[in-house]
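Visitor: One-letter residues, chain by chain:
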Amino acid sequence: MAPAAAEASVATAAVPTDAVARYALGLGDDALMLAQRLGEWISNAPELEEDVALGNIGLDLLGHARALLTYAGSAWGRNEDDLAYFRDEPEFRSRWLFELPNGAGGLDFAFTILRQLVASLYFGALYRRLAASTDPQLAAIAAKAVKEVAYHAEHATLWTLRLGLGTDESHRRMTGALADLWPFVGELFDADPAADALAADGVAVAPETLRDEVLAAVEAVLEDAGLAVP
Amino acid sequence: MSTAIIARDVDADGQARFDEIIAADDKIEPADWMPEAYRRTLVRQISQHAHSEIIGMQPEGNWITRAPSLKRKAILMAKVQDEAGHGLYLYSAAQTLGTSREEMYDQLLTGRAKYSSIFNYLTPTWADMGSIGWLVDGAAICNQVPLCRASYGPYARAMIRICKEESFHQRQGFEILLALMNGTEAQCEMAQESVNRWYAPALMMFGPPDDASPNSAQSMAWNIKRFSNDELRQRFVDMIVPQAEILGVTLPDPDLRWNEERGHWDYGELDWDEFRAVLAGRGQANSIRIAKRRRAHEDGAWVREAARAYAERSSSERGETRRTESRLSVEGVAS
Chain F
1 MAPAAAEASV
11 ATAAVPTDAV
21 ARYALGLGDD
31 ALMLAQRLGE
41 WISNAPELEE
51 DVALGNIGLD
61 LLGHARALLT
71 YAGSAWGRNE
81 DDLAYFRDEP
91 EFRSRWLFEL
101 PNGAGGLDFA
111 FTILRQLVAS
121 LYFGALYRRL
131 AASTDPQLAA
141 IAAKAVKEVA
151 YHAEHATLWT
161 LRLGLGTDES
171 HRRMTGALAD
181 LWPFVGELFD
191 ADPAADALAA
201 DGVAVAPETL
211 RDEVLAAVEA
221 VLEDAGLAVP
Chain B
1 MSTAIIARDV
11 DADGQARFDE
21 IIAADDKIEP
31 ADWMPEAYRR
41 TLVRQISQHA
51 HSEIIGMQPE
61 GNWITRAPSL
71 KRKAILMAKV
81 QDEAGHGLYL
91 YSAAQTLGTS
101 REEMYDQLLT
111 GRAKYSSIFN
121 YLTPTWADMG
131 SIGWLVDGAA
141 ICNQVPLCRA
151 SYGPYARAMI
161 RICKEESFHQ
171 RQGFEILLAL
181 MNGTEAQCEM
191 AQESVNRWYA
201 PALMMFGPPD
211 DASPNSAQSM
221 AWNIKRFSND
231 ELRQRFVDMI
241 VPQAEILGVT
251 LPDPDLRWNE
261 ERGHWDYGEL
271 DWDEFRAVLA
281 GRGQANSIRI
291 AKRRRAHEDG
301 AWVREAARAY
311 AERSSSERGE
321 TRRTESRLSV
331 EGVAS
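Chains as they are written, first to last, in the working numbering: chain F, 1 to 230; chain B, 1 to 335.
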């Protein structure tokens with residue numbers, strides 16, 4: 001059997017253990033929630049180009065969510081739609097950052113961009129590590145996602161610079177939005193027993209090991225944009 | 001610029017060359033001389049076409065957060081994104097005629113420019129995503145395929161790209177209805193009820209009957225339009241009747257019957273008073289659609305202003321350095 005074919009058969013045949021499934025579900029829920037939030041922007045953005053861009057990013061995230069939910073669900077005989085549509089809030093494993101409305105006072109582009117900045121730099125760091133997971137299915141999903149989130153990070157970085165350095169008004173709005181957002185950033189790196197146990201086998205990434213890398217990347221962009229971490 | 005155009009408008013050589021290109025069914029390009037009325041007609045038609053794509057994002061955007069499966073949600077998001085892209089192509093095509101996107105956009109927001117009457121109908125059910133794809137995009141395709149041969153090159157080329165994507169959308173819409181019609185009784189009812197609402201408005205998308213369409217003859221003489229409103233409407237009816245049979249839906253038209261002599265489907269008279277009322281701004285959702293677009297534009301003003309101010313700054317050396325540094329920091333994280 002050719003190596004590629006062997007890999008594919010591993011990927012499709014493999015059913016995750018309950019622990020791996022719960023880990024994949026958490027990652028999928030984060031992506032699903034953020035995709036839903038970005039979907040609210042479509043036809044409401046400041047420019048047509050941003051309707052396209054935010055829709056595009058949302059669509060990528062929805063793709064990640066579908067892959068992760070499908071993989072997770074295979075452990076329990078449930079499909080992506082069972083998991084997306086037939087769970088209630090207490091069963092969702094997403095973190096607050098991804099669930100928050102698109103701004104405290106409705107659709108706020110500043111808040112949305114800052115959340116995208118944190119999210120895409122976090123996803124980037126996570127998926128780069130996860131692409132080397134000993135679980136081939138998680139590795140394959142992450143390897144595909146990593147290319148997409150690099151585009152998302154570029155989009156968010158450029159907008160953070162434009163808004164941070166643009167006008168007094170845009171700077172003021174970014175400062176306010178950053179204060180609203182920042183309390184939810186730390187949760188991304190909180191210890192997670194499901195992930196931590198799997199990290200020992202090289203399956204998952206322990207969240208706390210991402211903290212320094214992600215925060216340094218976020219802070220570097222904020223500093224370039226003339227914004228201070230609250 | 002307008003005096004230059006007027007001066008060129010009486011250019012006999014230019015007119016002769018223009019007539020020659022039209023007679024040979026070749027393409028007029030942006031730098032070619034063209035009659036002022038041809039330019040005006042195209043600006044109006046292309047910009048209103050662009051506006052229709054932009055306003056048309058709303059009735060479907062309404063269902064993105066509520067789509068009933070993740071696959072349907074992804075398809076719908078991709079589709080609405082395509083629509084924004086079509087708007088952008090079309091604004092670019094119109095700009096080659098010497099008008100700015102801001103100016104066209106302002107005409108939309110102030111109600112001086114029209115957009116397709118169809119987008120002033122509401123989308124109360126999920127089945128409407130199917131009906132819009134099948135009937136509305138189906139009508140748009142019948143209208144737009146001949147525009148791929150329109151005499152104005154940039155418009156024709158935009159339409160070629162747009163039609164490829166539109167035909168996907170139409171199949172997706174058909175597939176939504178097909179899934180519902182193969183579903184539960186409630187789903188069948190939802191599909192039928194939706195088709196009942198969209199059938200007549202979709203037929204009206206081709207515009208008024210030929211005897212009430214004063215601009216058509218000139219547009220046909222200029223090879224902008226290739227077929228009359230009624231010819232295209234007939235083509236559409238002939239296309240959807242067999243498709244409705246496959247779906248198992250009925251079309252809400254008691255006068256719909258096969259005419260052996262003509263080799264076409266006869267269809268009933270449409271409510272042209274309703275059509276005129278919608279075009280005049282008195283349809284179901286005219287006010288909501290424009291209000292939403294205006295609000296997005298107003299709420300986004302500070303963002304566009306910031307982008308402009310940043311662009312001015314970043315052309316200075318300091319800005320360039322900052323930009324480069326930040327790019328590096330992104331790539332550093334990404335590597």
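One or more of the hints may lead you astray.
Dumping the calculated DSSO-like pairs for lysine-lysine here, alpha-carbon to alpha-carbon at most 30 Å [claimed, not checked]:
1. B:K27 / F:K144
2. F:K147 / B:K27
3. B:K114 / B:K71
4. B:K164 / B:K71
5. B:K292 / B:K164
6. B:K292 / B:K27
7. B:K114 / B:K292
8. B:K27 / B:K114
9. F:K147 / B:K71
10. F:K144 / B:K164
11. B:K27 / B:K164
If you want a taste of the chain B side facing chain F, the calculated C-beta under 7 Å gives, among others [stated by the list, open to error]:
12. Q58
13. W63
14. A74
15. Q81
16. A84
17. G153
18. A156
19. A306
20. A307
21. Y310
What the hints contain is simulated information worked out from the structure, not anything from laboratory work. Ideal placement from N, C-alpha and C gives every residue a C-beta, glycine not left out.
Visitor: Hint by hint, note whether the structure agrees.
Guide: The hints, checked one at a time:
Taken as a hint, the B:K27 and F:K144 pair is broken in the structure, with Cα atoms around 43 Å apart against an allowance of 30 Å. At most 30 Å may separate the alpha-carbon atoms for a hinted pair to count; F:K147 and B:K27 exceed this at roughly 41 Å. At roughly 34 Å between alpha-carbon atoms, B:K114 and B:K71 are farther apart than 30 Å, so this suggested pair is violated. Between B:K164 and B:K71 the alpha-carbon distance is near 21 Å, which keeps this suggested pair within the 30 Å criterion.
Proximity of B:K292 to B:K164 is assessed by CA-CA distance (about 29 Å); at most 30 Å being required, the pair is judged to hold. Taking the CA atoms of B:K292 and B:K27, the gap is about 38 Å. The hint is violated against a cut of 30 Å. With a C-alpha separation of about 16 Å, the suggested pairing of B:K114 with B:K292 holds against the 30 Å cut-off. Note on B:K27 and B:K114: the hinted pairing holds, with a Cα-Cα distance of about 26 Å set against a maximum of 30 Å.
For the suggested pair F:K147 and B:K71, the alpha carbons sit about 22 Å apart, so the restraint of at most 30 Å is met. Using a Cα cut-off of 30 Å, the hinted pair F:K144 and B:K164 holds, with the two alpha carbons roughly 27 Å apart. The hinted pair formed by B:K27 and B:K164 meets the criterion: a straight-line CA distance of about 21 Å does not exceed 30 Å. Contact between B:Q58 and chain F, as hinted, is supported at the beta carbon level, the nearest pair being about 5 Å apart and thus within 7 Å.
Interface restraint check: B:W63 against chain F, minimum CB-CB distance 10 Å, threshold 7 Å, status violated. Annotation: interface hint on B:A74 holds; nearest CB of chain F at approximately 5 Å, less than 7 Å. Taking 7 Å as the C-beta contact cut-off toward chain F, the hint placing B:Q81 at the interface holds, the least distance being around 4 Å. About 5 Å separates the beta-carbon of B:A84 from the nearest beta-carbon of chain F, less than 7 Å, and the hint is met.
Interface restraint check for B:G153: the shortest CB-CB distance to chain F comes to about 23 Å, outside 7 Å, so the restraint is violated. Interface restraint check for B:A156: the shortest CB-CB distance to chain F comes to about 22 Å, outside 7 Å, so the restraint is violated. Interface restraint check: B:A306 against chain F, minimum CB-CB distance 3 Å, threshold 7 Å, status holds. For B:A307, the suggested interface contact is upheld, since its CB lies about 5 Å from the closest CB of chain F, less than 7 Å.
Because the smallest distance between the Cβ of B:Y310 and any Cβ of chain F comes to about 4 Å, under 7 Å, the interface hint for this residue holds.
The earlier numbered hints that this structure contradicts are 1, 2, 3, 6, 13, 17, 18.
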